[in-house]
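Line order of the protein sequences matches chains A and B. If you use the numbering used here, the first sequence corresponds to residues 1 to 84, in order. If you use the numbering used here, the second sequence corresponds to residues 1001 to 1855, in order.
Worth double-checking, as some hints may not be accurate.
[Unchecked claim] Label pairs and their in silico Cβ distance ranges:
no. : chain 1 : residue 1 : chain 2 : residue 2 : range
1   : B       : Val1380   : A       : Ser23     : 28 to 34 Å
2   : B       : Leu1128   : A       : Tyr55     : 34 to 40 Å
3   : A       : Ala32     : B       : Ala1490   : 20 to 26 Å
4   : A       : Ala32     : B       : Val1368   : 49 to 55 Å
[Said to hold, decoys possible] Computed list of lysine-lysine pairs in DSS-like fashion (alpha-carbon distance at most 25 Å, straight line):
no. : chain 1 : residue 1 : chain 2 : residue 2
5   : B       : Lys1325   : B       : Lys1391
6   : A       : Lys11     : B       : Lys1387
7   : B       : Lys1173   : B       : Lys1032
8   : B       : Lys1202   : A       : Lys46
9   : A       : Lys11     : A       : Lys46
10  : B       : Lys1325   : A       : Lys82
11  : B       : Lys1387   : B       : Lys1333
12  : B       : Lys1680   : B       : Lys1759
13  : B       : Lys1680   : B       : Lys1732
14  : A       : Lys82     : B       : Lys1391
15  : A       : Lys11     : B       : Lys1391
16  : A       : Lys82     : B       : Lys1202
17  : B       : Lys1478   : B       : Lys1032
18  : A       : Lys7      : B       : Lys1680
19  : A       : Lys46     : B       : Lys1032
20  : B       : Lys1311   : A       : Lys46
21  : A       : Lys46     : B       : Lys1325
[What the hints assert, rightly or not] Cβ-to-Cβ under 8 Å is the rule here; a few derived chain A residues that face chain B:
no. : residue
22  : Met1
23  : Ala26
24  : Glu53
25  : Ser56
26  : Ala61
27  : Val64
28  : Leu80
Bear in mind the hints are in silico, worked out from the structure with no lab data behind them. Note that the structure is predicted; figures quoted are calculated from it, not measured. Here a beta-carbon is modelled for each residue, glycine too, at the ideal position from N, C-alpha and C.
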Amino acid sequence: MDSDDIKDTVKRYILREFLPGESPEALTDSTALVTSGILDSLATLKLVAFLEEQYSFQLEAHEVDAEHLNTLPDIANLVLSKST
Amino acid sequence: MGSAHSVTNEITPGSVVGTPGKDGVEILGLAKFLFIVVQLGLLTLVLRQFQVESSAFLRIALLAFAGFTVHHFLPLSYRLPFFVLLSLAGVAMVFGMESGVWLIALGLALIGVCHLPVSFRVRIALLLATGFLLGFQRGGWLDAPWSPVIWPILGSMFMFRLITYLYDLRYEKAPVSGWRSAAYFFLLPNVCFPLFPVVDYKTFRRNYFDEDRYRIYQKGVDAMVRGVTHLISYRFIYYYAVLAPAEVVNPADLTRYLVSNFLLYLKVSGQFHLIVGMLHLFGFNLPRTNYFYCLSSSFTDFWRRINIYWKDFMMKVFYYPAYFKLRGYGNTKALVLSTLFVFAVTWFLHSYQWFWLRGSFLLVWQDVMFWGALALLVTVNSLYELKWGRKRTLEKSSWTVRDFTDRALQTVGTFSVIVVLWSLWTSESFSSWLSLWTALGPAEFSAAGVAVVPAFLVAVAVLGAASSDGSDSVSPDKGKRKLLLRRSTAVTWILLLLLASIGIPAVYTRLGPTAANMVLSLRSDKLSRLDVAALERGYYEDLTQVNRFNSELWEVYMNRPVEWLDVQGAGLTRFTGDFLQQEMVPSMRSATRFGTISTNRWGMRDQDYERRPAPGTYRIAALGASSVMGWGVGDDETFESLLEERLQLELAEEPYTKYEILNFAVQGYYPLQQLPVLDKALSFEPNAVFYVATGRELSRAAFYLADVTRKEIAVPYDHLRQIVYKAGIEAKTSETDAIRRLTPFRSEITSWLYHSLVKICREQGVLPVWVFLPQVNEGPWEEETAPAVQLAEDAGFIVINLEDVYRQHDIDAIRLAEWDEHPNAQGHQLVAAALHQELRERHEIFFSQAAVRPE
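Between the sequences and the hints, there should be enough to build the whole structure, so can you do that?
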């Protein structure tokens, strides 16, 4: 499991759950997810549940923020840090 | 203090001014810098022309703009310390050295407790103990050695930011910087704004110079210009659009009432834009605070847009922790309970905030209703979104006609519910709010009025549907993002040039008298006609519903000492149980902050007099309210006392040997109460009765009739009872509805009162004199002056019109305080001198034997 795998998995999940019909090219590594409102509180919690189930770890409440979830690379870094 | 070198975010290389060997970059940087400076110059002009916010804010803005020009050229490591020093200078500039030092010392002590070398729990316990101690002092239960003026700002700086600071401190991995901590709490613009967005500490740290600094600066200027636009728009709505509930008589009025009432929030959003914009000038690339909240397409969307910093604060500190604790019970249950918890906490923190800003608790049913209803709506909306999802886009191009229509209808629906809910939140009473809806019944209204409702709803629908949901900013197309930034800058320039030019007298005076007067009024900060009326009413009874943070009146009351109404506490009046309702307590003496207030054995605020005047005495009975009674001045400083003394000195030889003025005025009296007072006054055998009117005679007369009817106090006058019957009001009628129904009878009530007073006086051989005493400040109360003068003349009063008595005088020199516009001692001297002059000039009318009662 490397960063690109994680980004790819998460990207597919986000496109399927929150951005249906959106072109995959439109969601890039620099797309802001939290600060732009794509990941609002409900979507964030859904994403958290997905990450926890997919990668078998538990997130803490204080980790649910823009620092950890704002972009695909941020999410990948979070997953990698929790998995090690 | 820690080292400023711990700042982790770097500026982009291209933005560094003075990079050796890069002349092109240097020149480009200087040009971009000058581009910002020119905009700040224009913005300063607009701030001055429109007197945006307080004079303290203008000084802080100038300090910030000047500081920006220095800050920009400093090496990165010096910028944060420079910002801190600038902020501390701002504190001293606004509060003065002594209070400023106290504020800074208290703040540093609080920050210091957060970093004591003890366990986190002990630090929390110490902070709570310190908070309780300060709370006791804030509430006035314990003395504090510093001036109370620092409380609102000290509270504003620490009441919420300490919470998020501690939260981040607990989990933060980045090294702590003392400069950053000080910068975070003493944020420069905070010194002028008690209402301050809850800036998140982690965001504050992470976003510091996190992109090209010129872009950050430009975003700051954009935000400030939009803030100024919000504030000027707010003034327009506040002065011209807002209605009192009693003025709402048809659906168009109701729409205007609901919408304008909600749009008063522009005050807060304007301030927040100004604040955050100013912080951008120092590299704090903070997110937007509000985002087209009028165009929300759902209740969750509204919650996300109206006060974004508050929403983020709630999410971070309360919602997510609660959800994570509860999710063992299932996601849906956790979601519902966490959402309800957030709104309960919001309600509580609203009161907590009020306490630190005002020194008292705000626990009112309107808050409970509003937050409770919003909690339910957001919860239901969240459950819907949980099940069905919410449409999100990266680019708007995918919108169809169906999407557009859905969005338009959702926006109108959300807006309509929110403005109704908002009206409930800001209503004086539930019955007052309910009475608004009687306007939906059969009523006459103009064609233009009919068009208002659908026109407005269509506008909201179209704008809502066309508005972005914020996704433009995440477009993967760099060219499009650049275009959006340029468009934002272009809008800023257009607004700046428009506002700067329209604020120039040579320009706006050419727009015609109506437009010129409107621009002129928008150029200054003052109370609206409704708030002036509320302030007047609040003088004696503290009835004013100042329970909104965004009201102008609230800002005035913020400065008012808690014990300002200590005269009321002194027990000056007592209840009579009849139409008069209250009277002064006889033979009372009380020392107040204004000087001594004493009453004689007859219950007059005056020296003692015999019931019957001595031979050769010319006696005047003065009837009136607080300004005549002498609210806010000592016994020997009332204009009645000064005039009496002067008449005695200068006129005692011709033809009377003694002049007496008996003061029957009582604070808080309304015109109709003067009828029973006249009976009492006539028992003292005066030669003349001076009825002193002080503005808003017609509406005050109607208000009192509504008041006694609702209190089931017997009205001892047939004509007034008939009016009550014709108006269809009774005890259970709400105040708003009663006033609305009596409004068409205002002239009739006042005319009847004046004719009755004159008739009774004439029958007793007493000269009836009607004196008009204006309020110290110009205002919408003047609208009723001309009709009142006309009614007084028609009734047969001798009229003394003193409407110019305060003109040409500095308002602050003649009034008690910003929050109490009664004349002070100097104001009373002006009135005494003007009355004296009138009496001398019209000597024959007032003092000839024929004019007055036979001996």
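Each hint tested on the structure:
no.	hint	verdict
1	Val1380(B) - Ser23(A): 28 to 34 Å	holds, 33 Å
2	Leu1128(B) - Tyr55(A): 34 to 40 Å	holds, 39 Å
3	Ala32(A) - Ala1490(B): 20 to 26 Å	holds, 24 Å
4	Ala32(A) - Val1368(B): 49 to 55 Å	violated, 37 Å
5	Lys1325(B) - Lys1391(B)	violated, 29 Å
6	Lys11(A) - Lys1387(B)	holds, 21 Å
7	Lys1173(B) - Lys1032(B)	violated, 35 Å
8	Lys1202(B) - Lys46(A)	holds, 23 Å
9	Lys11(A) - Lys46(A)	holds, 14 Å
10	Lys1325(B) - Lys82(A)	holds, 20 Å
11	Lys1387(B) - Lys1333(B)	holds, 14 Å
12	Lys1680(B) - Lys1759(B)	holds, 16 Å
13	Lys1680(B) - Lys1732(B)	violated, 32 Å
14	Lys82(A) - Lys1391(B)	violated, 31 Å
15	Lys11(A) - Lys1391(B)	holds, 17 Å
16	Lys82(A) - Lys1202(B)	holds, 21 Å
17	Lys1478(B) - Lys1032(B)	holds, 20 Å
18	Lys7(A) - Lys1680(B)	violated, 89 Å
19	Lys46(A) - Lys1032(B)	violated, 43 Å
20	Lys1311(B) - Lys46(A)	holds, 19 Å
21	Lys46(A) - Lys1325(B)	holds, 16 Å
22	Met1	violated, 24 Å
23	Ala26	holds, 4 Å
24	Glu53	violated, 12 Å
25	Ser56	violated, 16 Å
26	Ala61	holds, 4 Å
27	Val64	holds, 5 Å
28	Leu80	violated, 16 Å
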